[in-house]
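Trainee: Protein chains in written order, with my numbering: chain A, 51 to 357; chain B, 3 to 566.
Treat the hints as calculated values from the structure; they're not laboratory data.
All residues carry an ideal CB built from backbone N, CA and C; glycine is no exception.
The reader is advised that the hints may include incorrect statements.
As the list claims (entries may be wrong) - Covered stretches of chain A (in silico footprint by chain B; criterion: 3 or more residues with CB under 8 angstroms from a CB of chain B, positions within the stretch not fixed):
1) 86 to 93
2) 266 to 272
3) 290 to 296
Unchecked claim - Chain B side only, calculated, beta carbon under 10 angstroms to chain A, not exhaustive:
4) Arg-123
5) Gly-124
6) Met-126
7) Phe-128
8) Ala-129
9) Leu-132
10) Gln-181
11) Gly-185
12) Phe-201
13) Pro-211
14) Ser-308
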Amino acid sequence: MPGLTQPPQAITGPAVAAGPVIAVRGVTKTFGETTALHDVSLTVARGEIVVLLGLSGSGKSTLLRHLDGLDRPDTGTVTVLGATVSRLRGRPLRALRGQVGFVFQQFELVGSLTVLENVLTGALFRVRGPRLGLWGYRRDLQLAALGHLDRVGLLTHAYQRADTLSGGQQQRVGIARALMQNPRILLADEPVASLDPESSAQVMALIREIAIDSGLTVVCSLHQVDLALSWGDRIVGLRHGEVVLDTATQGLSKQNVMEIYGRVTTSTAELGAIETELGTAPDEDGEPDEQGELDLQTFSSARDNRR
Amino acid sequence: MTLTLERPQPGQADTTTLTPRRSQRRARPEKVAAGLTLVVLVTASVVSLISVDISLPQMIASWSNATRFFDRVGIISFPAPGELLYLTALTVGLVLLGTLFAAVFSVPLAWLAAANTSPGRGWMVFARFLGVAIRAVPDVVLAMVFVLMFSLGTLPGILAIGIHSIGMISKMFADAIEQIDDGPRLAIRAAGATRLQEFFSGVLPQVLPSWVATVLHRNDINLRGSVILGYVGVAGLGLEMSYAFKSLNYSLGLGIAVVIFALCVVMEIVSSAVRTVMLGFAPTRHGIGDRLLRRIGVTGVTADASHHPWTYARIRNAVWGTLAALIVIGSIWICDIKWGDILTFWSYLPETAAKFWPPSFGAYDAPVMLAAMGETIAIALAATILTLLASIVIGSLAARNVAPNPRVRAGFRLVLVTIRGIPEIILAIVLIVVTGLGTQAGTIALAIGGIGLLGKLLADSLEEVRPGPEQALRAAGATRLQVYAGATAPQGMKALIGHSFYMLDTNIRAATILGLVGGGGVGYYLLNAGQGSRYDLVTTIVLMILVTVIMVEGLAVWMRRVFR
Ligand SMILES: Nc1ncnc2c1ncn2[C@@H]1O[C@H](COP(=O)(O)OP(=O)(O)OP(=O)(O)O)[C@@H](O)[C@H]1O
Ligand SMILES: [Mg+2]
C-alpha cells in the first residue's frame, strides 16, 4: 500500500515550506484551578533545535502535549506542519501525530514486548488494522526498524524484552520508536531526567546528531540550564505557564539565564550542599516550585563539577 | 457527604484541617446503619442455621444411614474405560470451549468497562452493569433455556457456561486493564495509532499474563460447576451421573462422582502450574525448558539480526501457543458441535421467548414460592456463617503473619487448596444421597466448599495488613494471640466483611442449584418447572433469584464504601 506511506497533502503542501513548522498563538490552558499555560505564543522554523526550559510545573509538558494534539487549548491555536492541531480529529489527527515523534521522560516502552516490537509500534499509523507483536508488519517495515535500532546502537538487543534494558538503552529504544515514524518534528519531554549523567550525555548527543542528520525540527524540554545552553540553538523559558525568555543560545551565559529567571545562583559551597541532598532530602517548605529550583541548580552544578 | 464540605481550602489556616478529623471520630449515621445491617444479617444467619436444623446429634445419627447405604450399594463401579475416557474428554472440552467463548466476548466488554480505555462514562457504567446482570443468572438456568432451543448436545452447555462466565471474566479483565501502566499506551497513541492498534500493542501485551490466569481460574470453577448442567440435559459426566442416580444405580453414580472429584483436583493442579509458568514469564533462564533448550544447542540471538531468532522466549511462546491451539481443536472435535443449530437458533428464538413470558407462579401461589426462595436464602446464610467461622480459624492459621511457623502455614494452605479442588455440588449430591438428608446435607456441603475460597481470601488479606501495628504490640511484650487480636484481626476486618459478602453472593446462586439435586429451596421448583415445561414459572423463579443477587451485590457495594 504505497499510498499509505505518503504523508497527507495538507501537511506536505508547498505552503508549509515557506512558513514556520510550528506556530503557537495565544494558547491558554487551565486544569481546574491551575493555569498550566497562559497566552503562550511561539513559532519554530524548520530545522531549529529549541530547548524549553522551566521549573517543575511551569507548563513544559503541557505545551509539548499541545503540539502533538494530546491536549487541546482553551483559547488560541496550535498550528503544526500547516495543520491546525487543535481542530483535527480522527484520521487527520493520527496522520499528523505520525509526522511528530515524541520521546518521553519515562521512556514509556511496553516492557513485555521485545525491543523490535516496541520500535515497530512507531509505524502503526502507516498500516491498517491492529498488530500483535511482530505479526503482520511488512518485511520492509521490520528492516527499517532494525535500521533505526542500528542507528541508536541497539541492534544486538532487537529481540530482547524491553524491560530487560538499562534506562539509557530504553530511552534509545524510545528514540528509535520515534524515528520509525519518519517524523519531521521530534518532541522530547525531559528525555534524560531519569538517567544518570553519563547516559544523559549519550542520549542528548544522539538526539542532536539525528536531528542534524535528518534535518528534524526539535523541541526538547529540559530543566538543566547548562545542558540547555550547550545543547540547543535556542532557548524558550517558561515560568508559571508564560514565556519569559526566548533567545538564541549563542553568547548566552548561565548567569544571564538565571538573572532572567530572577534567581541568581548562590555560592558553590551552598550548591554542593544542595547536591548532596538531591533525591533524598525534601524541600523545606514543600512548595513544588522550590523543588524545581533545586533540580535546576543541582544539575547545573553537577555538570560544572564534571568539567 | 459532610466531609467534602469540610475539605480544607488551599491557603486556609490549620483550623480547617482539624475539622474532618473531629467529624470522623463522630459515628456517621451511614456507618451506624451499615453496622446495624451487619448485625441483622448475622442474626438472620444464626436463625437460618437453626431453621435449617443442623445439629450434631442428627448428623451423627445420619451417619448410620451412610453405613447402611454403603452396605446396600456395595463397591462403587465405573463406566467402561473407553466410555469413561470419552466422557471425561467431552466434559473437559465442553468446559474449555465455554470458558474460551466467555474470554473472547469479555474482551470488548472489558475494554468498554475499564476507566482508562472506555470511550465514555456512559459506556463504562453500561458495561459494568451488563457484567453484573449476566453474572446474576445461574448457568443452569441458561442451560435449561438453551436445551430447549438446540438439539441435545454440547452447544447448550458451551453457551450456558460461556455466557454466564462473561460476567466474572469481563470484570477481572477490566480490572486488569485499569491496573496497567498507561504511559506506553499513550505513547503509542502519540505516534498516531488508532484506538484498536493502541489496544493490541499497548494494552494486550501488558494484561495477557493476568488474563490467562483469570481464564484458567474461571475454567476450574466451570469444571466444578459443569456437573450440575448434566441434571438439565447437557452431555458429559454430569449427565451420566444424573442418569445413574435416577435409575438408582448408586454404585455407578458414586463412581462417576469420584472421577469428577479427581478430575477437578487434577485440573486445579495443572492450571496452577500453567499460571505459575505464565506469570513467571520474564525469562528466568533456569526453567526445565531452558535447560533442555540449552542442551540441544539453541542459543540466544543469531548473528543475522534481520531474521527473528529462535530465542528461549520465542520457542516457549510457540510451544505454548501450539499446545493451546491443539487443545482447542481437540475440544471442538470431541464436542462435535452441531453448527447448524446456531442458524436454527434464531428461528426458534421468538417462539421460545414467548414461552417464557409473561412470568407467572403457575400452579403454585405466591406464598409457596416466596417461602421456597426464603429457604434458599436461609441455606445460603447458614452456609456462609458456617464457612465464616471455619475460615477465620483456618484462614488465619494459613497467614504468614499469624501462623506460629511456616510449616503450619503450609499445612493449612494445602488444606485450603484441597478443599478448593472439591466441587461443592458433587459434595452435596454425595452427602444427600449417602446421608439421606436434604437441606442439612446441602448446607454442610456448601459450607465446606466455601472454606476453600473464603479461607484463602482471608489468609491473603491478613498477609497484606500493615506490619507496623503488629510490631508495636510485639515490642510491647504482647503474646502471639494478643498481637493477632489487637493488630492483625482488626486490620483484616474490612477485607473479611467484603469477602463474606462475596461468599454470600456465591452461596445464593449455589443454594439455588442445590435444590436441583434435592437440597431444598427454590431450585427444586426450578427443576420441576423446567421439566414440566412451565417456562413462565421458570421466569418467575429466575427473576426472584436475580433480584436477590442484585440486592446482595448492592449491599456489598454499600458496605465496601461505608467501611472503606
Ligand atoms: N492533566 C492534568 N490535570 C490537572 N492538572 C494538570 C494536568 N496536566 C498538567 N497539570 C498542571 O499544569 C501545570 C503544568 O504542568 P506540566 O506538567 O506542564 O509542567 P512541567 O513544566 O512539565 O513540569 P515538570 O518539570 O514537573 O514535568 C502543573 O501545575 C500541573 O499540576
Ligand atoms: Mg513535565
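Trainee: Run every hint past the structure and note whether it holds.
Mentor: Status of each hint after checking the structure:
1. Counting residues of the region 86 to 93 of chain A whose beta carbon lies closer than 8 angstroms to any beta carbon of chain B gives 0, which falls below the threshold of three, so the coverage claim is violated.
2. For the region 266 to 272 of chain A, the proposed coverage by chain B is not satisfied: 0 residues have a C-beta within less than 8 angstroms of a C-beta in that chain, short of the threshold of three.
3. Taking a C-beta to C-beta cut-off of 8 angstroms, the region 290 to 296 of chain A contributes 0 residues in contact with chain B, too few for the three needed, and the coverage statement is violated.
4. At its closest, the beta carbon of Arg-123 of chain B sits 18 angstroms from a beta carbon of chain A; the interface hint therefore is violated under the 10 angstroms criterion.
5. For Gly-124 of chain B, the suggested interface contact is broken, since its CB lies about 20 angstroms from the closest CB of chain A, more than 10 angstroms.
6. The criterion of a C-beta within 10 angstroms of any C-beta in chain A is not met by Met-126 of chain B, whose closest approach is roughly 21 angstroms, and the hint is violated.
7. Using the Cβ-Cβ criterion of 10 angstroms, the hint placing Phe-128 of chain B at the interface with chain A is not satisfied: the shortest such distance is roughly 23 angstroms.
8. Taking 10 angstroms as the C-beta cut-off, the interface hint given for Ala-129 of chain B is violated, the closest approach to chain A being about 20 angstroms.
9. Residue-level restraint check for Leu-132 of chain B is violated (minimum Cβ-Cβ distance to chain A is 24 angstroms; threshold 10 angstroms).
10. Evaluation of the Gln-181 of chain B hint against chain A yields a violated restraint, the C-beta minimum of about 14 angstroms exceeding 10 angstroms.
11. Contact between Gly-185 of chain B and chain A, as hinted, is supported at the beta carbon level, the nearest pair being about 4 angstroms apart and thus within 10 angstroms.
12. At a threshold of 10 angstroms, the smallest CB-CB gap from Phe-201 of chain B to chain A is about 7 angstroms, leaving the interface hint in force.
13. Proximity of Pro-211 of chain B to chain A holds as hinted, the smallest CB-CB distance being about 8 angstroms (cut-off 10 angstroms).
14. A least Cβ separation of about 6 angstroms between Ser-308 of chain B and chain A falls short of the 10 angstroms threshold, and the interface hint therefore holds.
The structure fails to meet hints 1, 2, 3, 4, 5, 6, 7, 8, 9, 10 from the earlier list, while all remaining hints are met.
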